[in-house]
Amino acid sequence: MSQLHNAFTLFISLLVEAIPFLLLGVLLSSSLLLLVDERKLITKLPKNPLLGAIAGSCIGFLFPVCECGNVPVARRLLLKGVSPAVAVAFLLAAPTINPVVIWSTWVAFGGQPQIVFLRIVFSLIIAIAIGCLFSVQKDVKGLLQPRLIKRLNFLENQQQNLQSSPQEKVEVPALLQSGSFLLGESAQPLVMNEALLVEKPQLQSRKVSKQKWQQFIDNVLQELQELGGMLVLGSAIAATIQVFVPREVVFSLGQDNITSILAMMLLAAIVSICSTVDSFFALSFVSTFTSGSILAFLVFGPTIDIKALGLMLSIFKPKIIIYLFAIIAQLVFLMTFVYSYFF
Amino acid sequence: MSNLSSSVKKSGNYRLTQLLSVLAVLAWGILLLKYAITGQYQLLIHPNYFYLMLFTSILLLIIGIMKTRKLLKTSISVVDDEQHLTIFPPGIGSSLLLLSAIAGLIIPPTVLASQTALQRGVTETLPLTSYQPQAFVTQTRPEERSLIEWIRTLNAYPEPDAYKGQPAKITGFVIHVPELPENYLLLSRFILTCCAVDAYPVFIPVELSTNRQQYPPDTWLEIEGAMTTHTLKIRDRSDTPKEKRRLVLKANNIKQIPTPSNPYSYQ
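Listed in order, the protein sequences are those of chains R and U.
Residue numbers for the first sequence follow the UniProt record's numbering, beginning at 1 and rising by one.
Residue numbers for the second sequence follow the UniProt record's numbering, beginning at 1 and rising by one.
Treat the hints with care, since some could be wrong.
Computed spacing ranges between beta-carbons, pair by pair [what the hints assert, rightly or not]:
hint, chain 1, residue 1, chain 2, residue 2, range
1, R, Q330, U, K164, 45 to 55 Å
2, R, E248, U, A103, 25 to 35 Å
3, U, N211, R, V245, 26 to 36 Å
4, U, D161, R, I270, 42 to 52 Å
5, R, D139, U, L99, 41 to 51 Å
Rather than coming from a laboratory, the hints here were simulated on the basis of the structure.
Every residue, glycine too, gets a C-beta built ideally from N, C-alpha and C.
The following block holds chain U by itself, in its conformation from the complex:
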């Protein structure tokens, strides 16, 4: 039958594409395992999905190994009667997967910083994707609240003047925005709800006693001070800068800290 002879002719090609798809699956299994072991997954996804990722990695490795054994056992594979695929020519999908996995193995993920924050538009409100607080509960003392907890509190009860005078100690990275005076910077952190793609930058403006140039963008700082309020014009999630009364941290003590290994907050 003509079908059979063409099958034999195709079998070389077929084996190559099979090999590619097995390699792609194995490479992704290894990459996910690497992220799990090194902890780099924290820069990519919400820790809730750690076990899902680990399980996937193991499953991919099992599938890959099973198919490899099969490929090694049979010298001439039988080509399927039916040709699959119209989306891609055979092997393209696997090659894309394989290449991305190899790139992932070579290039470590980076920590998102001020550039990304500005691109996405910084805000003082909680992301749309996060669980919105339903009630205003403050159990933590103000100086123990993290930057995110401050934002959460502010979201539940958005009256900046209510927090005036409260002590605060927060950490985050520096963002410079041109619309603010020289002695202001934004201290910011990303909130992750699902993965780095939806990392959502929130900030609290900080009033310095000096020029902000001392603290270049992306420097991680731990700032101690007291909350106050000012009317500031900041271009947050809109095209034009909005003048608004905002909660501002007046810095008393600024300490430079190294980039934390888990720089994001998770929701």
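Next up, chain R with everything else stripped away, as it sits in the complex:
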């Protein structure tokens, strides 16, 4: 019984520490989605693959989203004709290279600044490397889901007759929705989809700003409950592992350089906890696992996990996701393994 009570205390403790950061992330991402004009941003992005990948990795600072919010944004970027290098680099880096995540990692690992620093560096390396790799593919459409390609073609046509009337523009979302249920997964919903963006210049009355405010609140609630639900599950798993898995098992897994990294990577993929708060989750393993493996968790978790898989399937063909997964996993393993030998 007391074990159960301990587990519950740890569970609540994780939540109490994480919810402020979750709320902050959600508030920022909701407000920036309303404020930042992606179209202007896109015109400023460099064309060179390497620079593009670097730029893409850093857009995370403008869209502080975790791995649930980045997929819809990356998809919008692709749809707007951003090069795959930029979009993929953004997809992989945004969940880590953003102010809220860096802050929460600092809160958790301030005593070990190298973890915070290396989390950023390793994530950047991965994002840029894979961004460059993707730029080799000249035609984006080879990588994408058929449905997305259809939409891309549609939008390209749309762009060609730029001077279309507002009525036509308003019809865009309905047309698109009927063909694709994929719209459904966006955690960053309707506000920034192209239809609304196109409408933007015309709608400037006070009524609209009130409506925007309403959408902002709705978006905050929506993301909070979605990410919060994930957080509750993740915290429950962490607390259970800490209290109920026999110490011998945890120690024998956690003290070895190789098994600890593999175990933490597996955990990162399964637990799917939001990157804004995953450092608190990782804290619960600090005392028993090698710091290399903690780093592996922090770098690998935000790039790919079960929850994000569903979202990524809305962009890429399954084959591409397997490639992505394999390359990232190897990079993370190699880098953290090297780290654990040097430190």
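Take the given structure of chain R and dock chain U to it, following the hints.
Just chain U now, kept in the frame of chain R:
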């Protein structure tokens, strides 16, 4: 349009999920406020984050109240064109949040004790997450050092024999470890760097003149005595007990004390 009719059909369901998410947000606002007012937050998080928690609680309450007013005002809500959500079916996330908040309101947090300490592996070294002392500074007199300060001192200058004979008075809770003789116990405390999840147990072995059964595990003691050194075999953060020369407190005066309201040390 077919979209519109399905929207109307869905609106009942939609209102329910909206209501759930508002309740979840409000419940968490109330729970955090409760922890702030009762001081129970000390058992959960590092006090540095007190204001962050308080601010979050107020913000959650504001968001919740605003949305409640909105929900009450409009009889039929307009369903978003776009369906969100694939991670959970609608309402599951809110229900999880709501349930955990209600549980938190009913069940008070507990003080971590010897069981958890043994599970995590006790040590005489500072946690990885804490700020490592860079220099060896001893301004406090030995008998005024707390258990944590002793550990810190020992970490900065890890030569047990250097402290031999120094007087000490420390408080902590009792841990029994089977690998030690019957007249030894560990006096331990948790160090918190972020939240209870990373609470890190440190200890100093205590040599008693009697059997340790007199002081059952988890009893809080204030022990006065003098530091000495012994070679002891303790299974700290490894699978096998390690024999090592350790700093040991030889107890002269033992006083049982109630569990302090802030039982953890914070770093």
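message: Please list, smallest to largest, the hint numbers that this structure does not respect.
response: none
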